[in-house]
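The sequence shown begins at 4 in our numbering and counts up one residue at a time.
Some hints here could point you the wrong way.
Simulated restraints, written as ranges between beta carbons of each label pair [what the hints assert, rightly or not]:
#1 E28 / V79: 33 to 43 angstroms
#2 I17 / A73: 12 to 22 angstroms
#3 T83 / G26: 14 to 24 angstroms
#4 L35 / L61: 14 to 24 angstroms
#5 P42 / I11: 16 to 26 angstroms
#6 W57 / I11: 22 to 32 angstroms
#7 P58 / K10: 33 to 43 angstroms
#8 P31 / R76: 29 to 39 angstroms
The hints are simulated quantities; they were obtained by calculation from the structure and are not laboratory data. All of these numbers come straight from a predicted model, not from anything done at the bench. For every residue, glycine included, the Cβ atom is placed at its ideal position computed from N, Cα and C.
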Amino acid sequence: MRYKYTKILTMVGIVLCFIHYIGHEYDPVYLLFYSLSVPAWFYPIFTYTDINPWPLYLLTVLSWTIIGYAVDRFSVYRRTKDGK
Numbered sequence: 004m005r006y007k008y009t010k011i012l013t014m015v016g017i018v019l020c021f022i023h024y025i026g027h028e029y030d031p032v033y034l035l036f037y038s039l040s041v042p043a044w045f046y047p048i049f050t051y052t053d054i055n056p057w058p059l060y061l062l063t064v065l066s067w068t069i070i071g072y073a074v075d076r077f078s079v080y081r082r083t084k085d086g087k
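Could you put the whole structure together from the sequences, leaning on the hints where they help?
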């Protein structure tokens with residue numbers, strides 16, 4: 004397995020976090036990050052107002068990596084199932 008989607012979606016997570024880090028004070032960037040970051044969906048559950056964003060960035064990249072890995076595994080499963 005070449006992990007094509009794992010690499011691509013990991014880069015999506017890294018770029019998403021980088022864009023948020025650069026322009027988090029702008030509403031469109033803020034909304035883009037919080038709509039595409041799975042860990043950020045659970046951010047409002049906590050009542051903390053001043054949280055270090057680095058763990059959120061790390062979890063965002065990790066979640067996109069896991070999603071890419073799941074897509075890679077599913078594509079290998081479909082390829083081997085269709086090939087038989």
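Okay, the hints, checked on the actual structure:
1. E28 / V79: 33 to 43 angstroms: holds, 42 angstroms
2. I17 / A73: 12 to 22 angstroms: holds, 18 angstroms
3. T83 / G26: 14 to 24 angstroms: violated, 43 angstroms
4. L35 / L61: 14 to 24 angstroms: holds, 19 angstroms
5. P42 / I11: 16 to 26 angstroms: holds, 19 angstroms
6. W57 / I11: 22 to 32 angstroms: holds, 23 angstroms
7. P58 / K10: 33 to 43 angstroms: The hinted range 33 to 43 angstroms is violated for P58 and K10, with Cβ atoms some 23 angstroms apart.
8. P31 / R76: 29 to 39 angstroms: holds, 34 angstroms
In terms of the numbered hints stated before, the structure departs from hints 3, 7, listed from lowest to highest.
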